[in-house]
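**Q** Heads up: the protein sequence lines correspond to chains W and B, in order.
Anchor point for the first sequence: position 362 equals 362 in the UniProt record's numbering, and the numbering is continuous, going up by one each time.
Anchor point for the second sequence: position 85 equals 85 in the UniProt record's numbering, and the numbering is continuous, going up by one each time.
Some clues are possibly wrong.
Said to hold, decoys possible - Below, computed lysine to aspartate or glutamate pairings styled on DMTMM-like, alpha-carbon distance capped at 25 Å: (1) W/K77 / B/E93; (2) B/K37 / W/D351; (3) B/K37 / B/D97; (4) B/K99 / W/E238; (5) W/K73 / B/D347; (6) B/K300 / B/E236; (7) B/K37 / W/E93; (8) B/K99 / W/E343; (9) B/K77 / W/E93; (10) W/K99 / B/E236.
Stated by the list, open to error - Computed far set for chain W versus chain B, every beta-carbon distance over 10 Å: (11) Q33; (12) I48; (13) K73; (14) H149; (15) L311; (16) G340.
Simulated from the structure, these hints should not be mistaken for laboratory data.
In this text the structure is predicted, and so the values were computed from the model without any measurement.
For each residue, glycine too, the CB sits at the ideal point set by N, CA and C.
Protein chains: 2
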Amino acid sequence: MRTLTVDLGDRSYPIYIGEGLLSKSGEYFLQHQLTTKSPVLIVSDENIAPKYLQTVVDSLQASGYQTVSSVVKAGEKSKSLDVFEEVMTAAIEGGLDRKSTVVALGGGVVGDLAGFVAASFMRGVHFVQMPTTILAHDSSVGGKVAVNHRLAKNMIGAFHQPAMVLYDVDTLQSLPERDVRSGLSEMIKHGLIWDEQFAYWCRDNADRLLALDREALTYGLTEGCSVKAKVVSSDETEQGLRAILNLGHTIGHALEAIGGYGEFLHGEAISIGMAAAAQLAVNRGRDRSIYEETTALLAKFGLPTTIPGHLNDEEIISAMLHDKKFKENQIVFILPVRIGEVEIVSDMTLDEVRQVIKQLKGEGQHV
Amino acid sequence: MRTLTVDLGDRSYPIYIGEGLLSKSGEYFLQHQLTTKSPVLIVSDENIAPKYLQTVVDSLQASGYQTVSSVVKAGEKSKSLDVFEEVMTAAIEGGLDRKSTVVALGGGVVGDLAGFVAASFMRGVHFVQMPTTILAHDSSVGGKVAVNHRLAKNMIGAFHQPAMVLYDVDTLQSLPERDVRSGLSEMIKHGLIWDEQFAYWCRDNADRLLALDREALTYGLTEGCSVKAKVVSSDETEQGLRAILNLGHTIGHALEAIGGYGEFLHGEAISIGMAAAAQLAVNRGRDRSIYEETTALLAKFGLPTTIPGHLNDEEIISAMLHDKKFKENQIVFILPVRIGEVEIVSDMTLDEVRQVIKQLKGEGQHV
Ligand SMILES: NC(=O)c1ccc[n+]([C@@H]2O[C@H](COP(=O)([O-])OP(=O)(O)OC[C@H]3O[C@@H](n4cnc5c(N)ncnc54)[C@H](O)[C@@H]3O)[C@@H](O)[C@H]2O)c1
Ligand SMILES: NC(=O)c1ccc[n+]([C@@H]2O[C@H](COP(=O)([O-])OP(=O)(O)OC[C@H]3O[C@@H](n4cnc5c(N)ncnc54)[C@H](O)[C@@H]3O)[C@@H](O)[C@H]2O)c1
Ligand SMILES: [Zn+2]
Ligand SMILES: [Zn+2]
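Hey, can you work out the whole structure from these sequences and the hints?
**A** See below:
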């Protein structure tokens with residue numbers, strides 16, 4: 001078992017990564033002084049609950065906790081205010097109070113949804129993340145929680161740090177292949193923004209990672225979480241550095257939104273976004289190898305690096321305008337400098353974005 | 001003009017109370033370094049907007065701000081997730097970004113709703129309170145923001161302090177009489193929990209306050225805000241002392257909920273709740289004069305002190321169970337010790353509450 005720490009003063013918390021952790025949930029709860037006097041709400045989704053909910057319930061109950069649960073539909077569409085209200089109803093009917101804990105047992109969707117419930121139920125209660133996807137190594141760390149608005153992703157949310165992250169890697173064995181790839185996209189991102197060696201390690205271990213080799217996974221998730229934890233520790237509420245975690249996300253979020261949160265998985269959308277960022281860097285004078293290395297790495301994981309032709313360029317632009325507000329026709333973008341290093345660029349123009357969309361559709365001229 | 005300060009370290013902020021302040025909104029915005037580069041969203045309701053919105057818009061625009069507005073239906077029903085989503089849509093369509101400011105121009109309903117929008121739009125933007133009711137001298141100070149859940153009041157919210165409170169007492173002249181009384185109920189509460197002299201001042205100046213005498217109002221609001229500011233400064237997130245602000249609110253919130261948020265105004269419901277708290281204190285051995293003085297004071301303002309017979313006792317109890325969770329059949333209550341002083345009692349039983357409900361219906365035996 002590995003333990004990392006997210007260092008945030010009196011809101012610091014540990015990330016436990018290892019096997020068989022769900023069946024020890026109760027012990028971890030007690031160790032973290034979460035009260036047994038108030039009910040615990042476990043939020044999960046229809047795919048995950050049948051597999052793992054009972055294990056968590058049994059362990060918590062054995063440690064003296066009373067539990068209630070709320071199982072939502074699987075998929076990004078559950079990150080909505082309607083489902084948020086459903087979960088709130090479960091919290092109220094389950095008799096939760098100000099001292100209660102809300103648990104997210106699931107991927108990034110459940111984590112973001114349950115986290116916003118924890119942030120706003122009675123103005124904030126304790127929160128525990130139990131990630132069950134690879135992608136959630138990213139989403140479960142850092143305290144960003146949110147639901148989507150019809151017009152743009154993650155518009156409605158809070159910063160609400162968990163009391164701990166309990167990452168049982170056993171659960172990953174049941175992940176559908178497409179979600180495996182999608183999750184690895186964020187792992188690669190952590191290499192690309194921060195750690196050249198780790199990026200190349202990902203490339204060289206693509207097959208093991210895709211085959212869900214436990215040792216490779218544990219290593220990759222620990223490294224990924226560790227990059228995330230470092231960045232978040234130095235800039236909790238995204239005043240500066242934390243923005244680098246958004247590599248690929250400006251265009252990625254726009255693609256998710258215009259795909260109706262159904263066409264692309266999050267990791268797929270940001271894979272395209274990372275390819276776009278690399279192309280933008282090249283368009284601005286970086287060596288073409290940055291684009292080639294980035295897309296080759298992503299392609300090794302079967303991740304997409306082009307924009308499907310049927311998507312409308314101006315719809316992508318307009319979704320992006322909602323997401324991260326251009327100011328005076330300029331927008332902040334994260335661009336690679338080389339593998340393992342990025343820069344925050346704040347003068348990207350709409351025309352440059354229009355150009356890269358065309359390039360990623362194979363319509364424009366590659367530089 | 002009077003200025004008070006809510007003392008919360010780097011989240012401290014001023015409360016400005018005076019005449020003609022709305023027409024100086026823009027100057028106050030500039031003075032508080034709120035950026036002119038990002039659009040400002042003004043949230044108001046259908047009664048208030050026709051009277052005061054244009055003044056604020058004109059002043060902000062004259063100072064270089066771009067404004068958008070969202071006008072919701074008047075009344076407690078607008079403190080819902082549905083209306084919250086509407087306001088979020090206005091924020092997104094209005095092009096707000098992370099540096100934007102959300103303004104609440106209205107009473108407690110608009111303040112709580114707009115405040116929760118400010119707390120959660122893009123995970124939190126600046127917030128300015130421009131209260132237009134007497135009641136809002138309470139709600140605009142302290143950073144508690146929330147919407148209601150069908151099952152219980154204020155269940156979904158956050159702590160989100162404003163950058164300033166701009167309280168233009170001129171607006172109070174157009175308040176409907178019932179809202180004047182309702183608002184004075186919270187003013188009286190501030191006397192009852194903290195300041196004997198102020199409580200008696202309220203009693204002796206009831207006629208001037210009800211007649212909206214500007215001098216009396218300004219004095220009463222300043223004293224009321226000052227009690228609130230002191231309590232909040234010493235306990236921002238209600239770990240202890242802040243609970244005394246809930247005098248009358250346990251039963252009050254239950255009455256509001258079972259009245260479908262339509263039968264009672266907030267101040268009316270807590271007036272009944274304060275009478276109930278005084279009766280509970282007497283039932284527990286305090287001198288009967290505490291009940292008589294409290295109800296006489298409230299009656300001088302035309303505020304209700306009895307529970308209407310048509311309300312079902314067990315429905316009141318069950319709404320209360322949702323609101324402030326009984327633990328092992330006991331609940332925290334704020335009870336008067338004497339006029340100007342309260343205590344936090346944490347062993348109130350359901351049976352004692354049942355008894356007081358009967359007493360306030362005129363059914364039970366008064367002690
Ligand atoms: N908060 C953050 O900082 C942050 C960071 C990155 C991503 N995100 C968000 O995360 C979300 C994507 O997360 P995700 O990819 O985990 O999506 P997800 O939660 O929808 O999970 C993907 C799919 O896998 C299923 N699943 C989950 N665990 C499983 C398991 N162990 N076995 C079998 N099936 C399982 C789910 O039911 C779902 O169908 C997006 O909404 C994204 O915006 C948030
Ligand atoms: N956040 C807190 O700490 C806190 C504290 C106390 C109360 N509250 C909340 O405040 C709410 C009650 O506030 P309220 O009584 O101000 O209600 P409100 O906002 O509904 O205003 C009362 C009525 O007066 C109208 N109105 C407002 N200003 C006016 C004006 N200047 N001229 C004419 N009409 C005007 C409104 O349209 C409304 O019909 C409740 O939801 C309560 O829970 C919150
Ligand atoms: Zn992401
Ligand atoms: Zn109140």
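**Q** Could you check the structure against the hints above and give me the numbers of any it violates, in ascending order?
**A** Violated hints (numbers, rising): 5, 6, 7 and 14; every other hint is consistent with the structure.
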